[in-house]
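Each step along the sequence shown adds one to the number in UniProt numbering, with nothing skipped, and position 130 is 130.
Treat the hints loosely; a few may be bogus.
[Claimed, not checked] Only pairs whose alpha carbons sit at most 25 Å apart, straight line, appear in this in silico PhoX-like list of lysine-lysine:
no.: 1; residue 1: Lys121; residue 2: Lys36
no.: 2; residue 1: Lys24; residue 2: Lys79
no.: 3; residue 1: Lys121; residue 2: Lys79
no.: 4; residue 1: Lys121; residue 2: Lys24
If you are wondering where the hints come from, they were derived from the structure by calculation, not from laboratory data.
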Amino acid sequence: MIEQRSSIEETRSMATDQLTIGGKTFRSRLMLGTGKYRNSAEMLAAFEAADVEIVTVALRRIDFDDPASRSVLEDVDWKRYTILPNTAGCATAEEAIRIAHMARAMELSDWIKLEVIPDPKYLLPDPIGTLRAAEQLVKEGFTVLPYINADPILARHLQEVGCATVMPLASPIGSGQGIPNSRNIEIIIEQATVPVVVDAGIGAPSDAALAMELGASACLVNSAVALAADPAAMARAIALGVEAGHLAFGAGRIPKKAYASASSPLAGVVR
């Protein structure tokens, strides 16, 4: 009974342990984006339902002369949420560095989600530009969270230059494909010395749960929530998927086998 109680306590501890990025700790292992929502009310309801702490904002996509466009910065209570400016819309390292400098000048944050995406069709990140921008921004004192392809070698280089996380895509941005090929993400997690945040392609709570079952530290989701018929309900569902997957990873799943294994013991069977 004592051993069982200890196991239950350890399980509860895994469910409530904290995520640490750049020296800051967070309860939630789900991050949400601010794009594509039909209105700010649905966006704020999704944040509330998911109980998130980190919210990412694409500064390049804000028209500061348009009140409707800049409302994302005005509608969100930034005393309640940690803002994570991102460089979405930047096609080169130089553009991404400029947006990071803008975020700092606006006193939004020294944290930056780094995106360098020159490919307009598949929206795949540029590994060379990302690494170059990361090196420069880390030297300038930014806490850099780079968005990358699921490339274990690039992930290792980004860790070595001082990035606070690596953020491999599960599948292309907004595709909702989930994780069609998980092996590279598993390798990134296996080699990681910083938190691994699975970013892009998650379409449902089961995708988020799988990412966390692989050992990811967190997930970042936007389209799956913002474009859902009920964003708040989907946000809550994905948050539960993240929690369940993280707990399952800590609990330790049984190995997969090519054959059956009886649930009941065979020893002592009455014949």
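Okay, the hints, checked on the actual structure:
no. : hint              : verdict
1   : Lys121 with Lys36 : 18 Å, holds
2   : Lys24 with Lys79  : 15 Å, holds
3   : Lys121 with Lys79 : 36 Å, violated
4   : Lys121 with Lys24 : 35 Å, violated
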